[in-house]
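Asker: Chain by chain, the residues run as shown.
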Amino acid sequence: MSIVSENPVATGADEIEAQAARWLERRQFGNWDDPAQIAFNAWMNESSAREVAFLRLEAAWGRTGRLAALRGPGDVKKASRFRILPAIVGIAASLAALAVIGVSAGKFLPAHAQVRTFTTTIGGHEVVGFADGTKIELNTDTILRARMTTDQRTIWLDKGEAYFQVQHDAAHPFVVFVGNHRITDLGTKFLVRRDAGRLEVAVEQGLVAFKASDEKAPLQAALLSRGDAVVATANSTIMAKISPAELANELTWRRGVLIFTHTRLADAAAEFNRYNREKLIVEDPVAANRMIGATFPINDVERFARVARDVLGLRVIYRDKDIVIQH
Amino acid sequence: MIETSDTGRNDAGVGMTSPDVRDWFVREVLPLEAALMQFLQHNWRNKSDIADLRQEVYVRVFDAAKKEIPVRAKQFVFATARNLLINRVRRERIIPIEAVADLDALAIAKDEPGPERNVAARDELRHLQSALDRLPPRCREAVILGRIENLPRREIAMRMGVSEDTVTEHIAKGMRALADILYGAPADLRRQK
Numbered sequence: 001m002s003i004v005s006e007n008p009v010a011t012g013a014d015e016i017e018a019q020a021a022r023w024l025e026r027r028q029f030g031n032w033d034d035p036a037q038i039a040f041n042a043w044m045n046e047s048s049a050r051e052v053a054f055l056r057l058e059a060a061w062g063r064t065g066r067l068a069a070l071r072g073p074g075d076v077k078k079a080s081r082f083r084i085l086p087a088i089v090g091i092a093a094s095l096a097a098l099a100v101i102g103v104s105a106g107k108f109l110p111a112h113a114q115v116r117t118f119t120t121t122i123g124g125h126e127v128v129g130f131a132d133g134t135k136i137e138l139n140t141d142t143i144l145r146a147r148m149t150t151d152q153r154t155i156w157l158d159k160g161e162a163y164f165q166v167q168h169d170a171a172h173p174f175v176v177f178v179g180n181h182r183i184t185d186l187g188t189k190f191l192v193r194r195d196a197g198r199l200e201v202a203v204e205q206g207l208v209a210f211k212a213s214d215e216k217a218p219l220q221a222a223l224l225s226r227g228d229a230v231v232a233t234a235n236s237t238i239m240a241k242i243s244p245a246e247l248a249n250e251l252t253w254r255r256g257v258l259i260f261t262h263t264r265l266a267d268a269a270a271e272f273n274r275y276n277r278e279k280l281i282v283e284d285p286v287a288a289n290r291m292i293g294a295t296f297p298i299n300d301v302e303r304f305a306r307v308a309r310d311v312l313g314l315r316v317i318y319r320d321k322d323i324v325i326q327h
Numbered sequence: 001m002i003e004t005s006d007t008g009r010n011d012a013g014v015g016m017t018s019p020d021v022r023d024w025f026v027r028e029v030l031p032l033e034a035a036l037m038q039f040l041q042h043n044w045r046n047k048s049d050i051a052d053l054r055q056e057v058y059v060r061v062f063d064a065a066k067k068e069i070p071v072r073a074k075q076f077v078f079a080t081a082r083n084l085l086i087n088r089v090r091r092e093r094i095i096p097i098e099a100v101a102d103l104d105a106l107a108i109a110k111d112e113p114g115p116e117r118n119v120a121a122r123d124e125l126r127h128l129q130s131a132l133d134r135l136p137p138r139c140r141e142a143v144i145l146g147r148i149e150n151l152p153r154r155e156i157a158m159r160m161g162v163s164e165d166t167v168t169e170h171i172a173k174g175m176r177a178l179a180d181i182l183y184g185a186p187a188d189l190r191r192q193k
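Protein chains in written order, with my numbering: chain A, 1 to 327; chain B, 1 to 193.
Simulated from the structure, these hints should not be mistaken for lab results. Among the clues, some could well be false.
[Claimed, not checked] Only pairs whose alpha carbons sit at most 20 angstroms apart, straight line, appear in this in silico EDC-like list of lysine to aspartate or glutamate:
1. A:Lys189 to A:Asp228
2. B:Lys74 to A:Glu278
3. B:Lys66 to B:Glu56
4. A:Lys279 to A:Asp322
5. B:Lys74 to B:Glu28
6. B:Lys47 to A:Asp14
7. A:Lys279 to B:Glu124
8. A:Lys279 to A:Asp158
9. B:Lys74 to B:Glu141
10. A:Lys135 to B:Glu149
11. B:Lys173 to B:Asp52
12. A:Lys135 to A:Glu250
13. A:Lys135 to B:Glu155
14. A:Lys279 to A:Asp228
15. B:Lys66 to A:Glu46
16. A:Lys211 to A:Asp228
17. A:Lys321 to B:Glu28
18. A:Lys241 to A:Glu200
19. B:Lys173 to B:Glu141
20. A:Lys159 to B:Glu155
21. B:Lys74 to A:Asp320
22. A:Lys321 to B:Asp180
23. A:Lys189 to B:Asp23
24. B:Lys47 to A:Glu283
25. A:Lys135 to A:Asp158
26. B:Lys67 to B:Asp52
27. A:Lys159 to A:Asp169
28. A:Lys321 to B:Asp23
29. B:Lys74 to B:Glu56
30. A:Lys211 to A:Glu271
31. B:Lys67 to A:Glu46
32. A:Lys159 to B:Asp180
33. A:Lys279 to A:Asp300
34. B:Lys173 to A:Asp14
35. B:Lys47 to B:Asp180
36. A:Lys321 to A:Asp141
37. B:Lys173 to A:Glu15
38. A:Lys211 to A:Glu278
39. A:Lys279 to B:Asp23
40. A:Lys279 to B:Glu28
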């Protein structure tokens, strides 16, 4: 590809933006190795004009990550997605017509690769595709690092939640590290969520090996198959069953909605707060323990507040950037 | 998404600027772009200067934020734009009076439309969808394959029957157009559809 910084003295907005777009395209789609990173840093550090141009394009491109929701038929409740987003039926249908190419894992990965970091901000939702066919979906406020080479595929979930669709390949193990825990894929779709002091792994399809590195942990290792979940906290590690319906509910963020079925208002608000900067605060225990069952667009804090007020008869107060719900 | 390369030195990619400043700029300043563009277009006769003026406003705001993040982003952005235009008029004496509608108008430009961030989030997907629809066809195709289908460049090139360099061009162009549509176009235009 052509060199991005062939005109380093450009000061016109148009030329700078053109260069910024090339860098962004290269970072998203090209080989992004150390020399590329160094050249990019040098370009970027040259002027604020370059930095703001790049930030602007990057932010707009980041927003389009939500468009991943338009992808072809997924495994969950197509009907409800279409109900929520009638405008996109056309494009979803046309995308469904695009064939998916099968690849054997590992084959297309480089022999040596550095660690790449992927992040989403609050409310973010990103899909990262790898050359081996593996896809990782990042939920809100997530930090994930990946090193994918021909020999080994290693992921670190530093924060947040991710849904993995792994191209299984016994010769090239796929391992997710979450703090001290190690999750090895054996051919699978699974969910990993890391909150402060709590880890949850739930398997939708295939097999996953779970291993605690803490030798005192009551559950050292477990083989999880479809419908199995592990919840690990500082003091306990338990294995539980998760029904397809429950798991589907946990994965609704992939479609941009939150579904509550008989959920405490305080818990529902906490879930909303993961996705939005405008925070819901449930102030008293009476309100906190009210139960709700409803489906919301993931960012529609307003609608949640309206339901609390109109359906549950609670008081809703706007305070600074927050919404306070009281009895 | 911010994808960085972990080289173990810093939060690679963006030099010495604090993440707070970058975050503030994206969160508070970019959503003002539609209003800023209206303001510039309304107050500056020579349309070919607008992109450079916007860049200059952003640079001044950004540099100021590196020292201290302004408390009121909107006031700060429009004060900066106003000062910039006034200085330009004074400096470039050749510009006749009609270049700027009138300086008083600049002084009262406080009643700008509100920032876009208040647009209900449920409209976001529709926005994005209509932004995508407004891209030139080849450009849109490349963006859909790259962004929605998550295909690598090589694969996109194969499907579109073009070279990888051409894919790069389409996508880079798409990135710029999307930024213009998502941030720069007036809200009423964006809400169509």
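Asker: Each hint should be assessed against the structure and marked as holding or not.
Answerer: Okay, the hints, checked on the actual structure:
{"no.": "1", "hint": "A:Lys189 to A:Asp228", "verdict": "holds, 12 angstroms"}
{"no.": "2", "hint": "B:Lys74 to A:Glu278", "verdict": "holds, 19 angstroms"}
{"no.": "3", "hint": "B:Lys66 to B:Glu56", "verdict": "holds, 15 angstroms"}
{"no.": "4", "hint": "A:Lys279 to A:Asp322", "verdict": "holds, 5 angstroms"}
{"no.": "5", "hint": "B:Lys74 to B:Glu28", "verdict": "holds, 8 angstroms"}
{"no.": "6", "hint": "B:Lys47 to A:Asp14", "verdict": "holds, 13 angstroms"}
{"no.": "7", "hint": "A:Lys279 to B:Glu124", "verdict": "holds, 19 angstroms"}
{"no.": "8", "hint": "A:Lys279 to A:Asp158", "verdict": "violated, 23 angstroms"}
{"no.": "9", "hint": "B:Lys74 to B:Glu141", "verdict": "violated, 36 angstroms"}
{"no.": "10", "hint": "A:Lys135 to B:Glu149", "verdict": "holds, 11 angstroms"}
{"no.": "11", "hint": "B:Lys173 to B:Asp52", "verdict": "holds, 18 angstroms"}
{"no.": "12", "hint": "A:Lys135 to A:Glu250", "verdict": "holds, 18 angstroms"}
{"no.": "13", "hint": "A:Lys135 to B:Glu155", "verdict": "holds, 16 angstroms"}
{"no.": "14", "hint": "A:Lys279 to A:Asp228", "verdict": "violated, 32 angstroms"}
{"no.": "15", "hint": "B:Lys66 to A:Glu46", "verdict": "holds, 15 angstroms"}
{"no.": "16", "hint": "A:Lys211 to A:Asp228", "verdict": "holds, 14 angstroms"}
{"no.": "17", "hint": "A:Lys321 to B:Glu28", "verdict": "holds, 14 angstroms"}
{"no.": "18", "hint": "A:Lys241 to A:Glu200", "verdict": "holds, 12 angstroms"}
{"no.": "19", "hint": "B:Lys173 to B:Glu141", "verdict": "holds, 12 angstroms"}
{"no.": "20", "hint": "A:Lys159 to B:Glu155", "verdict": "violated, 31 angstroms"}
{"no.": "21", "hint": "B:Lys74 to A:Asp320", "verdict": "holds, 17 angstroms"}
{"no.": "22", "hint": "A:Lys321 to B:Asp180", "verdict": "violated, 28 angstroms"}
{"no.": "23", "hint": "A:Lys189 to B:Asp23", "verdict": "violated, 33 angstroms"}
{"no.": "24", "hint": "B:Lys47 to A:Glu283", "verdict": "violated, 52 angstroms"}
{"no.": "25", "hint": "A:Lys135 to A:Asp158", "verdict": "holds, 18 angstroms"}
{"no.": "26", "hint": "B:Lys67 to B:Asp52", "verdict": "violated, 23 angstroms"}
{"no.": "27", "hint": "A:Lys159 to A:Asp169", "verdict": "violated, 26 angstroms"}
{"no.": "28", "hint": "A:Lys321 to B:Asp23", "verdict": "holds, 17 angstroms"}
{"no.": "29", "hint": "B:Lys74 to B:Glu56", "verdict": "holds, 16 angstroms"}
{"no.": "30", "hint": "A:Lys211 to A:Glu271", "verdict": "violated, 27 angstroms"}
{"no.": "31", "hint": "B:Lys67 to A:Glu46", "verdict": "holds, 18 angstroms"}
{"no.": "32", "hint": "A:Lys159 to B:Asp180", "verdict": "violated, 32 angstroms"}
{"no.": "33", "hint": "A:Lys279 to A:Asp300", "verdict": "holds, 11 angstroms"}
{"no.": "34", "hint": "B:Lys173 to A:Asp14", "verdict": "holds, 12 angstroms"}
{"no.": "35", "hint": "B:Lys47 to B:Asp180", "verdict": "holds, 16 angstroms"}
{"no.": "36", "hint": "A:Lys321 to A:Asp141", "verdict": "holds, 19 angstroms"}
{"no.": "37", "hint": "B:Lys173 to A:Glu15", "verdict": "holds, 12 angstroms"}
{"no.": "38", "hint": "A:Lys211 to A:Glu278", "verdict": "violated, 37 angstroms"}
{"no.": "39", "hint": "A:Lys279 to B:Asp23", "verdict": "holds, 18 angstroms"}
{"no.": "40", "hint": "A:Lys279 to B:Glu28", "verdict": "holds, 17 angstroms"}
Hint violations for this structure: numbers 8, 9, 14, 20, 22, 23, 24, 26, 27, 30, 32 and 38, all remaining hints satisfied.
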